[in-house]
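A.B. asks: Each chain is listed here by its residues.
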Amino acid sequence: MAMIQKKLREKTKELLAKKEVDLVIGFSDWTLPLRTTPIFIRTPEGAEHLVWNSFCENNLAAYLHKFSRLKVGVVVKGCDARSVVALNLEKRFPNHPPLLIGVVCQRLVDRKKVKKAVKGEILQAVEQGDLLLVKGENFEVSLKRDDFLYPSCQSCTHRTPHQAHILIGDPVEEVSLVETHPEVGEFERKSPEERWDFFEKETSRCLRCYACREACPMCYCGECFVDSSRPKWIEKSLSPSDLAFYHIVRAYHQTGRCSGCGACERACPMDIRLTYLTQKLNQEVKDLYGFETGIQPEAAPPLSTFDPEDQQGFIK
Amino acid sequence: MKLKLDKKNFEDFLKSLMEEYDLYAPVQPVEGVSVFKKIEQPSEVNLTQLVPQKPAKDIFFPQSEVMFCYEMAGKQSRMNSMEEIKRERILFGARPCDIEAISIIEKIFVGEEYTDVYFLEKRRKTTIIGLGCNHPLSTCFCSSAGGDPFLRAGSDLFFIDLGETYFVELLTEKGAALRKNRFFKEVDPNDLTLVKELEGKAFEKVGYSIPVEGIEKRLDLMTESSFWDRVHEKCIGCAVCTYLCPTCHCFDMVDEALNNKGQRVRNWDSCLFPIYSLETSGHNPRPTGRERTRQRLMHKFNYFPKNFGRVACVGCGRCILYCPVQFDIREALLYASAKRAKGLKRKFR
Numbered sequence: 000m001a002m003i004q005k006k007l008r009e010k011t012k013e014l015l016a017k018k019e020v021d022l023v024i025g026f027s028d029w030t031l032p033l034r035t036t037p038i039f040i041r042t043p044e045g046a047e048h049l050v051w052n053s054f055c056e057n058n059l060a061a062y063l064h065k066f067s068r069l070k071v072g073v074v075v076k077g078c079d080a081r082s083v084v085a086l087n088l089e090k091r092f093p094n095h096p097p098l099l100i101g102v103v104c105q106r107l108v109d110r111k112k113v114k115k116a117v118k119g120e121i122l123q124a125v126e127q128g129d130l131l132l133v134k135g136e137n138f139e140v141s142l143k144r145d146d147f148l149y150p151s152c153q154s155c156t157h158r159t160p161h162q163a164h165i166l167i168g169d170p171v172e173e174v175s176l177v178e179t180h181p182e183v184g185e186f187e188r189k190s191p192e193e194r195w196d197f198f199e200k201e202t203s204r205c206l207r208c209y210a211c212r213e214a215c216p217m218c219y220c221g222e223c224f225v226d227s228s229r230p231k232w233i234e235k236s237l238s239p240s241d242l243a244f245y246h247i248v249r250a251y252h253q254t255g256r257c258s259g260c261g262a263c264e265r266a267c268p269m270d271i272r273l274t275y276l277t278q279k280l281n282q283e284v285k286d287l288y289g290f291e292t293g294i295q296p297e298a299a300p301p302l303s304t305f306d307p308e309d310q311q312g313f314i315k
Numbered sequence: 000m001k002l003k004l005d006k007k008n009f010e011d012f013l014k015s016l017m018e019e020y021d022l023y024a025p026v027q028p029v030e031g032v033s034v035f036k037k038i039e040q041p042s043e044v045n046l047t048q049l050v051p052q053k054p055a056k057d058i059f060f061p062q063s064e065v066m067f068c069y070e071m072a073g074k075q076s077r078m079n080s081m082e083e084i085k086r087e088r089i090l091f092g093a094r095p096c097d098i099e100a101i102s103i104i105e106k107i108f109v110g111e112e113y114t115d116v117y118f119l120e121k122r123r124k125t126t127i128i129g130l131g132c133n134h135p136l137s138t139c140f141c142s143s144a145g146g147d148p149f150l151r152a153g154s155d156l157f158f159i160d161l162g163e164t165y166f167v168e169l170l171t172e173k174g175a176a177l178r179k180n181r182f183f184k185e186v187d188p189n190d191l192t193l194v195k196e197l198e199g200k201a202f203e204k205v206g207y208s209i210p211v212e213g214i215e216k217r218l219d220l221m222t223e224s225s226f227w228d229r230v231h232e233k234c235i236g237c238a239v240c241t242y243l244c245p246t247c248h249c250f251d252m253v254d255e256a257l258n259n260k261g262q263r264v265r266n267w268d269s270c271l272f273p274i275y276s277l278e279t280s281g282h283n284p285r286p287t288g289r290e291r292t293r294q295r296l297m298h299k300f301n302y303f304p305k306n307f308g309r310v311a312c313v314g315c316g317r318c319i320l321y322c323p324v325q326f327d328i329r330e331a332l333l334y335a336s337a338k339r340a341k342g343l344k345r346k347f348r
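Which chain is which? The protein sequence lines are A and B, in order. Residue numbering for the first sequence follows numbering that gives the first Met the number 0, beginning at 0 and increasing consecutively. Residue numbering for the second sequence follows numbering that gives the first Met the number 0, beginning at 0 and increasing consecutively.
Just chain B, same shape as in the assembly (with noise of 0.2 Å):
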């Protein structure tokens, strides 16, 4: 089913929506970072910024999670779960990389074997409003990483800006859900042509240039391949590439605890700091930044596609623009393809 909706309502809508649900999109606690966040106020929410600096991942799988408090009151002890999520969620404005990136690390999360009640419960109770990108970056490559900037998948409903007004897709029953708000009205049949043109020109812009397809068959050749002997030099070990990454989903269990009463918390952890495969023994089976890069980068492109089906990449670009030391993943790519590495005007840096 395809609506429309007009700018000048677009707050009025936002409210309208917190009515009934709580409201989560990007807002910009200073000009320049971008971060996904419950909505006070339909004011805040700003999507200037194409690719905000914290993933929308953070609304399924937050940064810092408390999994479950406890208390001692003599022998006597308690314990809350709080998995439970009491009112239904909207996510808006999040783009067509990072929902495919919530449906990746769906796979690891509400598996076969095990279930993440945290991730499912609010994956469960969220319905996701995606926004299409008319003006992809020249760091985006989501076309080459299996996605487009117009990708409907894993959206419930889809946002397209027509400039005055957005063009709006209910995808799916979650999405019929919306249909009778009072905001939206009928397409006209301009603005079909309209959105065609857009993604036409969007398509275009990011090109197929970056090889990923089929990279999980040379990186096998590759475990002691001289190439991360080098492409680890530069790196300097922070985790702004795995942390800002919409597919990183790497955590670290951890008890806060102070007397009688405590808390146990997830966190985020990244595979580049040292600590993170440091042995109780004080063995280190990854003791460089050589086989730490290369684990980051082994993950996403070989042993994530031989058992998921897809790279963890969705080409977002964020690791490109906020890494403080410009490690460039397409270059890394490129050059661990082989077709390519051997028409590489320049080499790996």
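Here chain A stands alone, though its shape is the one from the complex (with noise of 0.2 Å):
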């Protein structure tokens, strides 16, 4: 990871010093153990403040919707890279398409599940090979990497950004650590009613805070359903049918676009699980359509088009 730092350090500056870029977005240490922070480098000298560790969980794309007139060089890893070749294929960047930085990524921590395996505060976390040395003031421990991963990096199969203009680090043999996405394997084993129920208990924490949509670079919609007031959607209190319409419909606006990079419940405050229904949708998608969002540069969502070899076995 130090070597991927370096040359991703060494890239960003070769970019801005030649003026290929104007900004490139990244990730850097800042305040807090366990996190990163985005940070927007415009000289050459800014590109020593660039890190790449197992904490970079922004998916950076989601900032180039603020930053389209300018040409920017983007850092990504494999599910990022897959997010901005979908919204080039919604034609969102007709004057400069990101140049992408992507980095092989090695899948990242789960900060909230390290955070429940220690007893204090955590002041510090380090990497160091698969282990992480997690310290507190009155602890220190060391602790197995990949037992700590998000549920979306233990599934995912797309660490390598093979859309990327610059690759940083070897591409890996892509294989899933689990079978499925753990979460969605015991959401498909419930029955409807406890399907709902499940789905019901997560959305009663919701606070309509908005982070998951704000996280989200597919979430781009110049007005947002839930905040349109002609027609008026949905009401803006938390009443459990107004949290089940926001979350569906977040869900299915998602179908087809979603990268299942898990963004979106990695920026929840109240820990809702998220993935479970994107990814749930994702795998419908790719049952049904055998589409799986930004493989191919130039193939079209399949919800946005119609084929009449398409299946229809839904309709009765």
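If you're looking for bench data, these hints aren't it; they were derived computationally from the structure. The hints are all genuine.
Listed next, the in silico DSSO-like pairs over lysine-lysine satisfying Cα-Cα at most 30 Å (straight line):
#1 B/K37 to A/K200
#2 A/K200 to B/K260
#3 A/K134 to B/K204
#4 B/K7 to A/K115
#5 A/K115 to B/K200
#6 A/K112 to B/K37
#7 B/K74 to A/K231
#8 A/K118 to B/K7
#9 A/K114 to B/K6
#10 A/K112 to B/K36
#11 A/K115 to B/K36
#12 A/K200 to B/K121
#13 B/K200 to A/K114
#14 A/K134 to B/K195
#15 B/K7 to A/K114
#16 A/K112 to B/K204
#17 A/K118 to B/K36
#18 B/K200 to A/K134
#19 A/K114 to B/K37
#20 A/K118 to B/K204
#21 B/K204 to A/K114
#22 A/K118 to B/K195
#23 B/K200 to A/K118
#24 A/K111 to B/K204
#25 B/K6 to A/K115
#26 B/K36 to A/K111
#27 A/K115 to B/K204
#28 A/K111 to B/K200
#29 B/K37 to A/K115
#30 B/K36 to A/K114
#31 A/K118 to B/K3
#32 B/K6 to A/K118
#33 B/K3 to B/K121
#34 A/K17 to A/K65
#35 B/K36 to A/K200
#36 B/K14 to A/K118
#37 A/K200 to B/K14
#38 B/K37 to A/K118
#39 B/K260 to A/K231
#40 A/K111 to B/K37
Build the complex from these two chains, which are given one at a time in their own frames, with help from the hints.
C.D. replies: Now the structure itself:
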């Protein structure tokens, strides 16, 4: 990982020095352990602040809408690169398609899981090979990194961002660590009533802060349906039916567009499970249309096209 | 008056409170998430998370509150106001920062010109039992923001965790009403020494690292600063920091109506949403994240201290802990403080 970070800084420095891009969006260390923060670099010297580790949890493609007037280089993992491909298909960058600085991802560490594994506040966390050294005021433990991965990272088979213009790190053999996304599997085994109960229990904690929406590169509508007053699709309070409505529509709007990065779930301050729904829908799209988001740069998203050969078994 | 409570009697003590009061305290719907809620069973109360995600303001100014409901029958209309609180309430286990924040929002809701009956009714009928912070987090900066980990102001009773027991101070008339509770016993002098020790340790840990005092004067000169061009860049425009902030108090009122029935509901709102300042004409005076982020910081650290003599921040650290992109308000304050900005080792990120 140290090698990747070094190359990342070198490449960024070069891109900015040669003025190939105006801005590079990457990750930097900041004030909290187990975290990184998005950083916006405009000068070659700024590249020194870039980091690469298992805490690079945001999908930086979400920022591309904000900087669509600039030539932007963006640091992407496999999943993030797929989001950019999907956005390109939706013609989001007519002037300056972003330059993708792809990093082969080692899968990310779930900070919330790590916090639950220790007693007391974590003040420092460092990666050493396969281990994660976690320190607090009165404790110091070493954890196996792979035991603390995000659900979407455990089942990931697209760690290498093949779509990137610059690839940092060696392409890896793409294997999932688990049979299916662990929470999708669990969800599928439930009866319809149990599924609804689970969904309702999770969404009951929702504050409607819309961090899930804002963290997602695919949520870029000028006016989100929840904000529309004419027509008013949904009320603004916390009634279970409105919470369910928001979460169902959010998930469905992602169908065939979601790269499964999991940034929505990580952004949630209330630890609401979200990826079991989006990943389940991703799986359905793959089974029905053989389509995975952002893998083939030219393939049209199945839900925005019609083909007489489309499966229609669901019409009865 | 100083008393103490054996922890082995804690649940029975809560039960005794529930005989006369509605009890509100932190609970954990799932591990790692804590909110203040009306307690049904004493075993629900969970004090392990120092800073619950949802602040105690939710008990006085709920995220979503029905103000009145109405019904039309022919040409007759009937309205029912919803502000009345039938039973006295106790808020247990709120930390000094959250309690200080309730006094801050009170300045808005109970002012000279306007009184918000919904807030006032809840405030009047609530006895607040504060809980001292023996182990503040690294993100806590209450001392810098005018509070401290053992600040009693605002509490009617104050609890301090001494390990096997809680040290209890009765601070107000409302608090004294509980002095006859059968689970309280006499303190011994050692307890007082222990309290002093705990306070000392906590104060030392929190320190005075963030330059909050006098920040409004510095911000006066910064309305058009290039600082705002940078500071908003990573903000994704969600409402985590404002909804979880114990002092943020903006709301939006809507009518939820169907056929001949309806209700007026007050919901939390956030200045970081574009729709917050969108006008009917389509014009938005705060068109980008730059203006919206500036509004958030200016309201807390410039307008509010000018109007009410105190910053609208209590240093609880929620906005740092739960921000999806790690926007750190402490760093923004360090940067905005002229004296420190020159000596800053790192740039604002």
